[in-house]
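J.: The primary structure of each chain is shown beneath.
4 protein chains.
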Amino acid sequence: MTEAGVIRVVFAGAQGRMGRALLPGLAAADDVTIVAEVEQGDDLERRARETRADVVVDFTEPASAVSNADALLAAGAHGVIGTTGFTEADLDRLDLAARKAGRGLIVAPNFALGMVLLQRFAEEAARYLPAVEIVETHHPDKLDAPSGTAYDTARRLARAGARAGRPGAEPARGLDVDGVRVHSLRLPGIAARQEVHFGGLGEALLLRHDAAGRDCYLPGVLAAIRAVSNRVGLVRGLEDVLFGERS
Amino acid sequence: MTEAGVIRVVFAGAQGRMGRALLPGLAAADDVTIVAEVEQGDDLERRARETRADVVVDFTEPASAVSNADALLAAGAHGVIGTTGFTEADLDRLDLAARKAGRGLIVAPNFALGMVLLQRFAEEAARYLPAVEIVETHHPDKLDAPSGTAYDTARRLARAGARAGRPGAEPARGLDVDGVRVHSLRLPGIAARQEVHFGGLGEALLLRHDAAGRDCYLPGVLAAIRAVSNRVGLVRGLEDVLFGERS
Amino acid sequence: MTEAGVIRVVFAGAQGRMGRALLPGLAAADDVTIVAEVEQGDDLERRARETRADVVVDFTEPASAVSNADALLAAGAHGVIGTTGFTEADLDRLDLAARKAGRGLIVAPNFALGMVLLQRFAEEAARYLPAVEIVETHHPDKLDAPSGTAYDTARRLARAGARAGRPGAEPARGLDVDGVRVHSLRLPGIAARQEVHFGGLGEALLLRHDAAGRDCYLPGVLAAIRAVSNRVGLVRGLEDVLFGERS
Amino acid sequence: MTEAGVIRVVFAGAQGRMGRALLPGLAAADDVTIVAEVEQGDDLERRARETRADVVVDFTEPASAVSNADALLAAGAHGVIGTTGFTEADLDRLDLAARKAGRGLIVAPNFALGMVLLQRFAEEAARYLPAVEIVETHHPDKLDAPSGTAYDTARRLARAGARAGRPGAEPARGLDVDGVRVHSLRLPGIAARQEVHFGGLGEALLLRHDAAGRDCYLPGVLAAIRAVSNRVGLVRGLEDVLFGERS
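Protein chains in written order, with our numbering: chain A, 1 to 247; chain B, 1 to 247; chain C, 1 to 247; chain D, 1 to 247.
The hints are simulated quantities; they were obtained by calculation from the structure and are not laboratory data. Among the hints, erroneous ones may be present.
[Unchecked claim] Pairwise CB distance ranges (calculated):
#	chain 1	residue 1	chain 2	residue 2	range
1	B	141	D	92	37 to 45 Å
2	D	102	B	141	54 to 62 Å
3	B	240	A	243	14 to 22 Å
4	D	17	B	243	41 to 49 Å
5	B	167	D	127	33 to 41 Å
6	D	240	C	88	35 to 43 Å
7	B	91	D	240	58 to 66 Å
8	C	155	B	240	49 to 57 Å
9	C	213	B	240	30 to 38 Å
10	A	93	B	213	45 to 53 Å
11	D	63	B	93	54 to 62 Å
12	B	243	C	229	58 to 66 Å
13	D	240	B	88	55 to 63 Å
14	D	92	B	91	57 to 65 Å
[Stated by the list, open to error] Cβ-to-Cβ under 8 Å is the rule here; a few derived chain B residues that face chain C:
#	residue
15	189
16	191
17	212
Remember, predicted model here, so these are calculated numbers, not experimental data. The beta-carbon is built from N, C-alpha and C at its ideal position, and this holds for glycine as well.
Work the whole structure out from these sequences, hints included.
T.: Shown next as structure tokens:
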């Protein structure tokens, strides 16, 4: 029988970088028990059913994330999904599926508290200081450029009215994401950094986040695990979970 | 007779650094007319009466700011005050005086849009990442250390629950403002910079503001001049004026 | 008759941004006298002859810089040239012309002391930490991207053995200058900044230069004016002038 | 019998933070063999004799560093010492002892390549831009403030002619080391950072080093192990070892 108040978690992607970094911390939380670790190729739906999982945490590849979400909903679980690369159509379909199942799905590109704050502040600043560019730096092993999180920040800024300080098609001017320029550096010795540079009349504002290690994602993942069973449908990003809904 | 919709402004401290920097921009605004420039020694109350001032803007010395505020209220004007150094008792007294007079007084240590945003974000971040320290850099001619604005940021952070990452009485650990450490650099080539450094589990968040020139204060001063006649009593800081009251 | 020890200077481009910023400081130097200010369209050779110029300082456009250099050598003057955009062929031809004339020509993309130091340090660091990328930020009115100085830094780094931390053709990865990536931000509120980011095993080194105003170029231009008459042929950059020749 | 070309190393302080971080990398080097690991309380001289050590590496406490140095010299070994806190008198005595023994002693406060470069560049920049301040940030568990390395940088800057941009006894102005101000931040999420801020006429130069992990010290420690047997007497810092002697 399930111990009262303890959340039964299946972790998909346990052998990946995020899995190895997060599992010790999750296992140490009083109100969480890891009932199964699954990898790609395992039957996620069956494992979630057998273990009576409350929540499935998915840090696998984008390629498997949609079918994993279907599987966990079919097993009656809620989902916390940290993979990126969903299309808008994917997200709409997942929202519909979660609502039908009466379950919650939290999909977030980044679980670091400071990054969630940075994105929230960046959106607000863009209303008053619309000239903005993003510079992100990651280790050279990172395959994509820009990072999923920087791309997400750029789209949020663009929706809030931000634009590059100057247009221009020169290669040095970086990637144009809906009018916001993104620059990606790939260097050893820096784990993960994102800078949002705002410029105004005679002044400049910088927001910078540095993730030194993957332990910075643990508090956000734990908060999502604790919050998701009170949700129905898709929740995008960790902001509402951490800070409550904004009016 | 007063032209409809134009705000009649007396500027106290016109020959100071801020005065010389701000006056051309204020004079260029369609809805503002500078009806008098006064210096220390002038009779501010009489000049404000004679010129039928709507608003007195005060960028003089802390020593004269309280009596200037009394004088402008006595003349029936509203006040926008950019001097720093008021005690809590001063501010309480000014609030009472302004309420009795049925007039508004906006007192702000900093009118730069980006700095107002930085302080707002810093307060919010301190609730989630309480370990924080402040580093501010100004030109070597600045007489006080820390700057009035950095001191103000530190007190706001402390009220929001922030604390130094580590206590300690060593001189290198800077000034302790209610538990928040403040470090002041004085160097040529840098006009005015404030950094708020947050640290958390495996992550760091930086908020940095650079004021390159005094033209960055113009939009905030104009916004205060336009807003103050709709207020009664003391308004601390520019945040409400720029962003509206928070629930 | 020429006053002993005073250098007679003709300034070409006096009405440009650099000209207006530099001329008051040059005029204030005890050992320099501005004998003429010329603009494009004026006959530079004749003006230099008539005024018995020792040195012609040229801050005009790249389009006129080569013919101006020929003109000043023909007039028997030395040259200090702050325009950018010369080709290697141009520079070789100018060197030959200066040697024939027995005169010195100092050509530098940047006269700020701190930038000369940054480039010198960057070259040295690249030998030990070869993974490097450049980020430069300028005001939105700047027409070219990257800046001439950032381009120059990138080529020096490449010659010293530097390379990007990771290749890649994505637009966010910036401009590839001989293997070194350059990223250009264009934002109001920032005059001129260059950052060189080095990454190594578990460590990162940053060199950053900020030019707040054009007065930062004055000491370098004065040093070049004082040094150029002791040179024959072309001198590239201000490094030798400021720091002496390296063994 | 000793294998030709392999350096026999005794490591003192193997169970400390640096020891645990460095030993796997040292053991993996082809030309190094760890013949003993010793702790405080062990007889270092006897262990070094028994194992016929070529080099003793000491990352113990300052309190034991002087007697350890005597012990390793008595055993006929060379020394690489990474502890800090020696007085000038200590260093003079060690130099004398090493010369008598005909052995080399490399004493360095920091073995990170980028930090050695930063200190070298900082000294050179101070000759041209003498207004400078240091800001260092470490994790809250660090007991001393400022760090030994920041203190060392400050003394080098002072010897090169640097001074604070402005004097002043306010607590926010930090520690005065021979005229150079040092500010120490202690925050979680940042391993080890040192910034040297230079200011000049209209310009600013920043040198910043970040050590993300202790693996950054490995290349420098290996270089010192390889170089020390060619030295007689005390070598201060890693600069000569890495870059060769300066003229």
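J.: Indicate, hint by hint, whether the structure satisfies it.
T.: We went through each hint and held it up to the structure:
| no. | hint | in the structure |
| --- | --- | --- |
| 1 | B:141 with D:92: 37 to 45 Å | holds, 43 Å |
| 2 | D:102 with B:141: 54 to 62 Å | holds, 57 Å |
| 3 | B:240 with A:243: 14 to 22 Å | holds, 21 Å |
| 4 | D:17 with B:243: 41 to 49 Å | holds, 46 Å |
| 5 | B:167 with D:127: 33 to 41 Å | holds, 38 Å |
| 6 | D:240 with C:88: 35 to 43 Å | holds, 37 Å |
| 7 | B:91 with D:240: 58 to 66 Å | holds, 60 Å |
| 8 | C:155 with B:240: 49 to 57 Å | holds, 52 Å |
| 9 | C:213 with B:240: 30 to 38 Å | holds, 34 Å |
| 10 | A:93 with B:213: 45 to 53 Å | holds, 52 Å |
| 11 | D:63 with B:93: 54 to 62 Å | holds, 58 Å |
| 12 | B:243 with C:229: 58 to 66 Å | holds, 60 Å |
| 13 | D:240 with B:88: 55 to 63 Å | holds, 58 Å |
| 14 | D:92 with B:91: 57 to 65 Å | holds, 59 Å |
| 15 | 189 | holds, 6 Å |
| 16 | 191 | holds, 7 Å |
| 17 | 212 | holds, 6 Å |
Every hint, counting from the list given before, is met by this structure.
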